[in-house]
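Student: Please put together the full structure from these sequences, using the hints given.
As given, the protein sequences belong to chains F and G, one line each in that order. Mapping the first sequence onto my numbering, position 423 (from 1) lands on 993, and the numbers just tick up by one. Mapping the second sequence onto my numbering, position 257 (from 1) lands on 827, and the numbers just tick up by one.
Hint data in this document are derived by calculation from the structure and do not stem from the laboratory. No experiment lies behind these values; they were computed from the predicted model shown. No false leads were slipped in.
Which copy? The list can't say, so a pair holds if one copy fits it or any two copies do.
Within a straight-line C-alpha distance of at most 27 Å, the following computed BS3-like cross-link-like pairs (lysine-lysine) qualify:
(1) LYS797 to LYS972
(2) LYS696 to LYS841
(3) LYS921 to LYS972
(4) LYS583 to LYS921
(5) LYS972 to LYS833
(6) LYS921 to LYS999
Protein chains: 2
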Amino acid sequence: MSLRRKGTEQLRKAAGEIFQAALDAVNPRTAVHRHLRRDGEKLLADGEVYDLRERRIYVVGAGKASGVMAAAVEEVLGDRISAGVVVVKDSHGLPLQRIRIHEASHPVPDARGVQAKAAILALLEKTRPEDLVIVLISGGGSALLPAPVAGTDLAEKQVVTRELIRCGATIEEINAVRKHCSRVKGGQLARAVQPASCLTLVLSDVIGDRLDVIASGPTAPDPTTYKDTLEVLRRYGLQDRIPASIRQYLESGAKGEVPETPKPGDICFEKVRHLIVGNNFQALLAGRDRAASLGFQTLLLTAALQGESREVAKTLAALLLEMRRSGHPVPPPACLLLGGETTVTVRGRGKGGRNQELTLAVAAAIAGEEDLVIFSAGTDGTDGPTDAAGAVADGETCPRAKQAGLDPCGALEDNDSYHFFEGLGDLIKTGPTLTNVMDITLLLAG
Amino acid sequence: MSLRRKGTEQLRKAAGEIFQAALDAVNPRTAVHRHLRRDGEKLLADGEVYDLRERRIYVVGAGKASGVMAAAVEEVLGDRISAGVVVVKDSHGLPLQRIRIHEASHPVPDARGVQAKAAILALLEKTRPEDLVIVLISGGGSALLPAPVAGTDLAEKQVVTRELIRCGATIEEINAVRKHCSRVKGGQLARAVQPASCLTLVLSDVIGDRLDVIASGPTAPDPTTYKDTLEVLRRYGLQDRIPASIRQYLESGAKGEVPETPKPGDICFEKVRHLIVGNNFQALLAGRDRAASLGFQTLLLTAALQGESREVAKTLAALLLEMRRSGHPVPPPACLLLGGETTVTVRGRGKGGRNQELTLAVAAAIAGEEDLVIFSAGTDGTDGPTDAAGAVADGETCPRAKQAGLDPCGALEDNDSYHFFEGLGDLIKTGPTLTNVMDITLLLAG
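Tutor: So, in structure tokens, the structure goes:
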């Protein structure tokens, strides 16, 4: 194979195109159509066939992408849909024919979310054994569908989450507690769907696509128990720091006085089927195909990238530098693709996001090198509390920044990647993409 | 290509063999013989030819591997060597015919190192223009060849280094100051070699093989100046925290009262040639070849791995998990190879090293996964202040540890990876390997 060398400008342009191809592959509309098809009186969902005669179809859902997913389901099933309710983030609403759309607050839940949850549960009370409920789940669904358990309220739930985060509990521990403070999370929506069949379409925004984690797994078995939640509270000494109403509820759960979340094998999951319609890996695959068609040697490295952004950056820089130096792991022109979600431990007072900080740290490590580009952005078009999705940089970024009076090390120190890249015109701005499969990072060598 | 799946035990065994092949490739003896060959009255050093007639040959050197390198040079040149002095770390001595070997303290320099340095400089005073000085440099050479400048002593130099490390100066800043407190570092040995020709054989223990960094670059141009060193002291407010003798020396240097270290283009480098006889990349290449011959798909990812060990581990775990899940970047049986040197910021009170901590953090992240193995070790046989070179782990390591009453998270928290792996019998112990090209990390999926 003979491939032409590529200059920095070509690499930056290619990175934008590769990212766009990745986004297109996980557009929720495309993603739903790829898995759901109508053939006369049959609904085909991958291997499964649902006969549409004498079967009523309900659609419910929650998440940032669930509005677009609902529109696609309407395109497939049209007036065969009896009714539906879907909750999306503010300003993510769109006109639908048969499905009612609610907007609610995200990431901090509000009363509108509680109302939408009530509308969904009311709808599901009508289901008969022959009916089909299509559940549309995407990232953010957990906050958009708040359902405090009896005797507690939204504000109290929020105190619990805040305290757990503050004391450094793991995401598994936080989710165990949250599921047991909710009436829909942790598989409990599957109970409400009974006795109907349930087809859950999932756009995954978590590493490993764990069904019990995405939007807190409303139709997936919950391996955790009330006893686990009390153990978590004990571990972090939170028994007296959370509202008494919630502690009492969890304690009565541990005594068997209120029902447990449904466990693996529970009868409520008998007629439940999950389809992952889109995830980070699919986006990476599409990005890889586009990169190959642009003349790059490609490697899809992982869809499970995690860790502190500036530290992950050191490993990514090592990969870029090795391609420049020795042509390993693949010779330029080359494109390495990674996906996942890194983390920023905020120490400074600047403005930025995990993708922007990652890109800044890589830029510092490759300063002065020829024809190396890093591009990193969130697929939902958002990166931290900024209006950018991420940033792009190359070996000339730091020298250019210094000429412009911008200090890469200072910006990194102060978590101020946004203003650094804003000053250079190197922010990536997509606006809301209406999809959400975590982040994509591209490493290009020309 | 049809490759057989491999179980965990096979993977662990293969990792040991791959590491050994990598070590063999950078054995200093092999490495010197690969680059230095005698053909009658000619000495061939890669492209260069040195006529041995009427030319006296001197051999000097310093570093952990320099004793073995000297033995190899004796094997090539035998009694054509007029004289030589080489300094190695305590207990790294070995019998030589023509070259005198000194042992000295490492990593904290001592008076024996100063004596060895004096012996080397005395030897070099005899050189004539037609002579050849072969300089043997390897990691540790800087500490083994201490040469305090006039009016200062070893203890004072050590205060400077300690203060610079304490205040968080970068390695570049530390080296700039150290070179200007020394009579041999930063290219100054090249001045002593004049008017003879100089052939420096280097076994590299630094990322990117920078000649001005390895053993503080005794025969390489020094881009830094006395003014830079004063700027470093000012930046960290160290002017009054370092011995007055050294501060005064640096100030007089900045005024031009004592000679600068030789800069790029200086006449003293005219007859100097450097050969990197071994480095991390060569070790990785040999490891890759062995892995391929064992039936693995292979990728050499980088020889420039850096970063906080437990954070680097997250990216490495992501690579392992992706191979298990999707067969990317290469399908199992697969072996990914990385080299470099990670860092541990010590927070706990345990015992361990960067390779052991990296391995522990990866083990925690892949717990429960089938047929994934991480193997990480220092090529010099040492990892932190322990008698192990590193450690090996797999998906069963953490479950097995818990059964044995060992807590992976606790061990990580307390920087106690040594006792964790000691309890499991999973430390890698090689003893001193007499080579030193940083660390090697292997990721295997069966």
